[in-house]
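As a plain string of letters, each chain reads:
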Amino acid sequence: MSLTLHSLTVADARPEIGGEAKSIEFDIPPALGAEFNWKAGQHVTISVHLKGREYRRSYSITNPPGESLRVTVKRVRNGMVSNHLVDLLQTGDHVDVTRPYGEFILQPAPQGQRTHYFFGAGSGITPLYAMARTVLRDEPFSYAHLILGNTDRQRILFYEEAQRLHRRHSNRCTVRHILSSPRFLDGAAAWRKGRIDLDALKSLFSETPPVAQDVHYWICGPASMNDDLSRALGMLDVPGSRIHSESYGYATPHAIDVAGVDSTGSVTLDGHRTALAVSAQQTLLQAARQAGLQPPFSCESGVCGACRARLHSGEAHHRRQMALDERDVARGYVLTCQAVPASPAFDLTYDV
Amino acid sequence: MSRMYHELPVDAYTSWEWYQREQDRIFSRVWRYAGFAEDISEPGQYISVQAGANNILIVMGRDHRLRAFHNICRHRGTQLLRATGKAQRAVTCPYHDWTYDLEGCLIAVPNAEREYPSGIDKSQLGLKAASVDIWRGMLFVHPDPPERSPSLAEWFGAVDPHLGPVQPAELTEIPAQRTSMEVKANWKILVENYVDVYHLSHLHSATLDMYDHAKAEYGWHGSHYAFWEPLVAMDGDRHDNGGRGGSGDHGAWVPMLFPGIGFATSDSEWSTYIITPLAPDLTRVESRTKRVSKSTWNSLWSEWPSTRGRPEGQKAKVGKKEAEGRDDPLASGNFIAEDNYVCEQQQKSMTSPFFEVGPAAQGESPVVNHQRVVLSFLK
Numbered sequence: 000m001s002l003t004l005h006s007l008t009v010a011d012a013r014p015e016i017g018g019e020a021k022s023i024e025f026d027i028p029p030a031l032g033a034e035f036n037w038k039a040g041q042h043v044t045i046s047v048h049l050k051g052r053e054y055r056r057s058y059s060i061t062n063p064p065g066e067s068l069r070v071t072v073k074r075v076r077n078g079m080v081s082n083h084l085v086d087l088l089q090t091g092d093h094v095d096v097t098r099p100y101g102e103f104i105l106q107p108a109p110q111g112q113r114t115h116y117f118f119g120a121g122s123g124i125t126p127l128y129a130m131a132r133t134v135l136r137d138e139p140f141s142y143a144h145l146i147l148g149n150t151d152r153q154r155i156l157f158y159e160e161a162q163r164l165h166r167r168h169s170n171r172c173t174v175r176h177i178l179s180s181p182r183f184l185d186g187a188a189a190w191r192k193g194r195i196d197l198d199a200l201k202s203l204f205s206e207t208p209p210v211a212q213d214v215h216y217w218i219c220g221p222a223s224m225n226d227d228l229s230r231a232l233g234m235l236d237v238p239g240s241r242i243h244s245e246s247y248g249y250a251t252p253h254a255i256d257v258a259g260v261d262s263t264g265s266v267t268l269d270g271h272r273t274a275l276a277v278s279a280q281q282t283l284l285q286a287a288r289q290a291g292l293q294p295p296f297s298c299e300s301g302v303c304g305a306c307r308a309r310l311h312s313g314e315a316h317h318r319r320q321m322a323l324d325e326r327d328v329a330r331g332y333v334l335t336c337q338a339v340p341a342s343p344a345f346d347l348t349y350d351v
Numbered sequence: 000m001s002r003m004y005h006e007l008p009v010d011a012y013t014s015w016e017w018y019q020r021e022q023d024r025i026f027s028r029v030w031r032y033a034g035f036a037e038d039i040s041e042p043g044q045y046i047s048v049q050a051g052a053n054n055i056l057i058v059m060g061r062d063h064r065l066r067a068f069h070n071i072c073r074h075r076g077t078q079l080l081r082a083t084g085k086a087q088r089a090v091t092c093p094y095h096d097w098t099y100d101l102e103g104c105l106i107a108v109p110n111a112e113r114e115y116p117s118g119i120d121k122s123q124l125g126l127k128a129a130s131v132d133i134w135r136g137m138l139f140v141h142p143d144p145p146e147r148s149p150s151l152a153e154w155f156g157a158v159d160p161h162l163g164p165v166q167p168a169e170l171t172e173i174p175a176q177r178t179s180m181e182v183k184a185n186w187k188i189l190v191e192n193y194v195d196v197y198h199l200s201h202l203h204s205a206t207l208d209m210y211d212h213a214k215a216e217y218g219w220h221g222s223h224y225a226f227w228e229p230l231v232a233m234d235g236d237r238h239d240n241g242g243r244g245g246s247g248d249h250g251a252w253v254p255m256l257f258p259g260i261g262f263a264t265s266d267s268e269w270s271t272y273i274i275t276p277l278a279p280d281l282t283r284v285e286s287r288t289k290r291v292s293k294s295t296w297n298s299l300w301s302e303w304p305s306t307r308g309r310p311e312g313q314k315a316k317v318g319k320k321e322a323e324g325r326d327d328p329l330a331s332g333n334f335i336a337e338d339n340y341v342c343e344q345q346q347k348s349m350t351s352p353f354f355e356v357g358p359a360a361q362g363e364s365p366v367v368n369h370q371r372v373v374l375s376f377l378k
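Line by line, the protein sequences give chains A and B. The first sequence begins at 0 in numbering that gives the first Met the number 0 and counts up by one. The second sequence begins at 0 in numbering that gives the first Met the number 0 and counts up by one.
Note that these hints are calculated values from the structure, not bench results. By construction, the Cβ of each residue, glycine as well, lies at the ideal position given by its N, Cα and C atoms. Wrong hints could be hidden among the right ones.
[As the list claims (entries may be wrong)] Label-pair distances were calculated between CB atoms; the ranges are: (1) B:E37 x A:T90: 50 to 56 Å; (2) A:T150 x B:I119: 47 to 53 Å; (3) B:C104 x A:A279: 36 to 42 Å; (4) A:T90 x B:C104: 50 to 56 Å; (5) A:G239 x B:E37: 55 to 61 Å; (6) A:R230 x B:C104: 17 to 23 Å; (7) B:P93 x A:P109: 39 to 45 Å; (8) B:W15 x A:L235: 46 to 52 Å.
Could you build all of it, start to finish, from the sequences and the hints given here?
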C-alpha cells in the first residue's frame with residue numbers, strides 16, 4: 000500500500016510508565032482534517048530518517064475519533080525507531096505521518112446493546128483503549144471490559160487513565176490486570192497472576208458475563224497470544240466470527256484444520272488388542288474401521304461422545320471436541336472420530 | 000356498517016380473522032417478553048418461548064453468551080427443545096437425531112452416506128437465527144436475526160425514564176407469587192382495563208384506595224403507555240423521607256408496554272403482567288413478582304404499604320351480605336379478581352346485537368389510544 004506522508008507538528012509529547020513509552024499528540028491542519036479522520040482501532044505509519052536511512056513503523060491511535068490524534072510508542076529492545084521517538088521527540092517537532100488506516104476497527108452501534116471484551120498484552124492495549132473509550136462514549140447501552148496482560152504493575156500503559164474510565168462508567172466498564180511477574184506490592188493492582196488463559200476466561204465470564212447475545216472479543220498482542228486466546232475462546236463455544244484480533248506488526252494465518260502425523264500403535268476393543276497404523280490424514284476412528292474393527296461411533300462430528308476412547312500413551316489433536324470437557328482431555332480421553340495422531344506411537348483403548 | 004367500539008370495530012374483539020391479523024402483524028413481528036434474565040443463568044440452560052407464530056429457543060453457551068434460534072429442525076420441522084432445560088452443548092432433534100451446535104450450524108446427519116448418497120450440504124441447513132436481548136433485567140426475543148432486528152434499547156428507549164427507579168435485576172423473585180391464569184376475554188379488553196384510569200376509583204374503590212388516583216400522571220411514549228400515581232398522604236411527613244424527594248418517589252408505576260407487557264412497580268417491587276392472546280375471547284395472563292431482599296424489605300415495610308393491595312378479604316367492593324356466594328370476585332377484596340371479572344362480563348356483551356359503546360371519559364383516553372396503536376400495526 001502506498002500512502003502519502005504528511006509533515007505534522009507534535010502538539011504534545013509526554014512520557015508514560017516512567018519513560019518506557021511516550022504519548023505523542025499531533026496537530027492536524029484543517030486542510031488535512033478529512034484525511035485524518037479515523038476509526039477506533041486504526042493506526043498511522045510514522046517515517047523517520049536515522050543515519051541516512053528511512054525507517055517506517057506503525058502505531059495505533061490511542062484516542063477515540065473526534066479527539067486529538069494521539070499515538071503511544073513503547074520502547075522495543077534495540078528498536079531503532081521506538082527508542083528514537085521515546086528519547087528525543089519533543090513538542091513542536093515535525094514528523095512524517097500517513098493517514099490512519101487498518102482493518103482492525105470497532106464501528107460503534109449507538110442503539111445496540113453490546114458487550115465488548117478487550118484483551119491486550121503489553122502495548123496491545125493501544126488500539127483497544129481507543130475502542131473501549133469509543134464504546135463508552137458512542138454506545139450508551141453497551142459494556143466494555145478490559146483485560147490487560149503485563150509483566151508487572153510498572154509496565155501497564157494507561158493504568159491511571161483506565162482506572163478513571165472504570166470509575167466514570169462503573170456500571171458498564173471493568174478493568175482487569177493480569178501480571179505475569181508481579182513485583183512486591185503489585186498484588187493490589189492485579190486481578191490474577193499469570194497469563195490470560197482458559198481459567199482466566201472462565202472467571203471473567205462468570206464475574207462479568209456478557210449481556211444477552213451481541214458480544215465481541217477484541218484481541219491485540221503477540222501472534223502467539225492471539226492464537227492461544229482464540230483457541231481458548233473456541234473451547235468456550237465462542238464463534239470465530241465474533242473474535243477480532245490484530246497482532247503486533249504482522250498477521251499470522253489461522254490453523255483451520257488440524258493435521259496429524261503418521262503413527263503406529265495398538266488399539267484395544269472388547270478385550271482384544273490389535274496393531275494399528277494411522278496415516279497423517281486419518282482420524283483414529285477411520286483407521287480402526289479400515290482395519291476391520293467395529294468400534295462404537297455415531298455422529299462422526301465430535302458431538303455425541305459414542306466413539307470416546309482413552310490414550311494410555313501417545314498424543315492426539317482434536318478437530319472438534321464438544322463431547323469432552325477439559326478434564327476429560329487432561330485424563331487422555333479422545334473422540335476418535337475427531338482425533339488425529341500427534342505422536343509417532345500410541346496406545347488406545349475403547350474399553351473405558 | 001360494522002358496529003364500532005371507539006376506534007375499532009366490535010369484530011376486533013370477537014372474530015378469528017382479527018385474531019389472526021394481530022398474530023401475524025403484531026405478536027409475530029415485535030419484541031416479545033421471554034422471562035427474567037436469571038431464567039438462563041448458566042451455560043447449557045435453555046428456554047423456549049412462543050412469540051406469536053414463532054417458537055424461539057434461547058440457550059446459553061459456555062461463553063455465557065445467549066443465542067436465539069427458531070425452535071424448528073431444518074429437516075422436517077420438529078420442535079427441537081421443550082420449554083426449559085439444562086446441559087446442552089448441542090441441540091439434537093428427537094426425530095432423526097440431526098444435531099446442531101450452539102451457533103445453529105448443522106453438524107451431524109446420522110448415516111449421511113447411506114441416506115443421502117448424492118450428498119447433503121449441511122452448510123445450508125443451519126438453524127434459523129432469531130434475536131434475544133436484555134432490558135431492565137428481562138429477556139426479550141425477536142423473530143428476525145440480530146443483524147435485521149430493531150434495537151431493543153431503542154424500542155423501549157422513550158418509555159424507559161418513566162418506569163420508576165427499580166431495576167428488576169437487583170430484586171429477588173417471590174416464587175409463590177408466580178401465577179398463570181386464563182381470562183375469557185379478548186387481550187385488548189385486558190389491556191384497556193389496565194390503562195383505564197377512570198375505573199380505579201370505582202371498581203377498585205376498596206382495593207386500591209391507598210393510592211391518590213386524582214394525582215395520577217400518565218401518557219404514551221410511542222406505542223408504550225406509562226402511568227404513575229402517589230400514595231394517599233396519610234400524615235404529612237411520613238413519605239417525605241430519605242431526602243429522595245420529587246413526585247416520582249414512593250408511589251406506583253403501572254406501565255403497559257406494547258403489546259400486552261404490563262409491569263407494576265414501586266420502590267421495592269417489580270411485577271410483570273404478561274398478556275398473551277390464545278383465541279379471540281381467551282387470553283393468558285402470566286404474572287411474576289420480584290422484591291428487594293428481605294432485610295431491605297423489612298425496613299421499607301414499615302414505611303409504606305405494598306402495591307399489591309390489602310390482605311385479601313379485608314375490604315371489598317361488595318359487602319359480605321350482598322355477595323353472590325363465597326366466590327364472588329367483587330367480594331374478594333382482590334383487585335385482580337375484580338379486573339378479570341369486569342373483563343369477562345364485557346366480553347360476553349360484545350356478541351349481543353344490542354351492544355353499543357358509550358362515550359369515552361377523560362380517564363379512558365388511554366383506552367382509545369391503545370386502539371389507535373393496534374390499528375397502526377395492522378395498516
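Hint-by-hint comparison with the structure:
For the pair B:E37 and A:T90, the beta carbons lie near 54 Å from each other, so the given range of 50 to 56 Å is met. For A:T150 and B:I119, the hinted distance range of 47 to 53 Å is satisfied, since their beta carbons lie about 52 Å from each other. Between B:C104 and A:A279 the Cβ separation comes to about 26 Å, which falls outside the hinted range of 36 to 42 Å. Range check, A:T90 to B:C104: about 54 Å between beta-carbon atoms, so the 50 to 56 Å window is met.
The beta-carbon spacing between A:G239 and B:E37, approximately 29 Å, falls outside the hinted interval of 55 to 61 Å. Checked against the hint of 17 to 23 Å, the C-beta distance between A:R230 and B:C104 comes to roughly 19 Å, which is consistent with it. Look at B:P93 against A:P109: about 43 Å separates their beta carbons, and that is inside 39 to 45 Å. Checked against the hint of 46 to 52 Å, the C-beta distance between B:W15 and A:L235 comes to roughly 47 Å, which is consistent with it.
In this structure, the earlier hints numbered 3, 5 are contradicted, and the remaining ones agree with it.
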